[in-house]
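Peer 1: Going by the working numbering, the first residue of the sequence shown is number 844, and it counts up by one from there.
Take these hints with a grain of salt, some might be off.
To be verified - Once the Cα atoms are required to be at most 20 Å apart in a straight line, the calculated SDA-like pairs of lysine to any residue come out as:
| # | residue 1 | residue 2 |
| --- | --- | --- |
| 1 | Lys1050 | Leu1071 |
| 2 | Lys854 | Lys1125 |
| 3 | Lys1125 | Ala1114 |
| 4 | Lys1000 | Thr1037 |
| 5 | Lys1050 | Thr1037 |
| 6 | Lys1050 | Asp1060 |
| 7 | Lys1063 | Glu875 |
These aren't lab readings, by the way, just hints derived from the structure by calculation.
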Amino acid sequence: MRLHFIHQPGKGPAPLPLFMMHGYPWSFVLLERILPMLTDPASHGGDPRDAFTVIVPSIIGFGYSAYPPQQGFGFQHHPRIYDRLMTEGLGYARYGIEGGDWGGFLTAPWGYLHPQNLIGIHLNCLFPRLGDEREPEDKDPDILRGLGMKWAPVKPKDPDMLRYWKNVERYWIDEGAYCHQQMTRPQTLAVGMTDSPAGLAAWIIEKWRAWSGWGDDFEKLFPRDMLLTNVMLYWVTNSFWSAIRLYSESYYYPWELPAGERIQVPTAVAAYPHELAPIVRKRAERYYNVVHYHDYPQGGHFAIHERAEEMAADLREFFRPLRSKVQ
């Protein structure tokens, strides 16, 4: 399988390999701002001992990376290929991973199914479907549940969890139409998006505006050249259809943690208030071995770019005590 990636060596005595994953509707372009902060911390007010060697792929099906032709290739199948790239392709026996959006979701099957080479997981977006969180009284087959909400509790008893699921519900009602379409009829949508560059730009850039938390000022955060470069990556590679297949394959061929199981790899969570459904710590701890958690006062879905300095500092702090595991 063709897999495109950036491989940026670190500048320091012992750079730590870090595999960083983007999401939809973005690409590796969004991570360009944070890369030098991680690979060359000394040039950004940091300690060279905190340097990372960073690997950023175009995740499978996006941009220059191919997509397998068979059905059923959901997000749970990605980590095995990425792990082979890191170990067999690049020769890194141990490494860390980081992700937001789909990249954050991918940390779950990676940490559970392929944990042997991971020293740590850092994420800033938590997958809504990690397990069945319904209460016994919720499991009524006659209740029509919204798409993406069918495994959620109807009335969580915990106030923090109630707030979380209300945010998920709000997301599905206000922002979820694109997701419903991409999960259930991706190829129909792809015909239109690959026929009109203006249509593709509108479909993609609208999400950058809606999810940034900046509203009409979003171009202060994302320069127009950056937005158009991102759209062009989808256009010139004709990869919109394969990128959104990830939605349908993961919906029709889902994966979740077995009941009562938890990811044991040490995990850091960077929680931002303007995320689509802001992370709740106790829910993260239900599924991950959270050893580092930080609630930030500002930032949204694209925090890896918007709050790059903050994220770089968070990554350095979390991985600092884990670096000895790479040796």
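Peer 1: Hints first: check each against the structure and report whether it holds.
Peer 2: Against the structure, the hints come out as follows:
1. Lys1050 <-> Leu1071: holds, 13 Å
2. Lys854 <-> Lys1125: Distance ~37 Å between Lys854 and Lys1125 Cα, so the pair is violated.
3. Lys1125 <-> Ala1114: holds, 12 Å
4. Lys1000 <-> Thr1037: Roughly 46 Å between the alpha carbons, so the hint for Lys1000 and Thr1037 is violated.
5. Lys1050 <-> Thr1037: Holds, at roughly 18 Å.
6. Lys1050 <-> Asp1060: Judged against 20 Å, a Cα distance of about 13 Å means the pair holds.
7. Lys1063 <-> Glu875: holds, 17 Å
The structure fails hints 2 and 4 (numbered hints given earlier, in ascending order).
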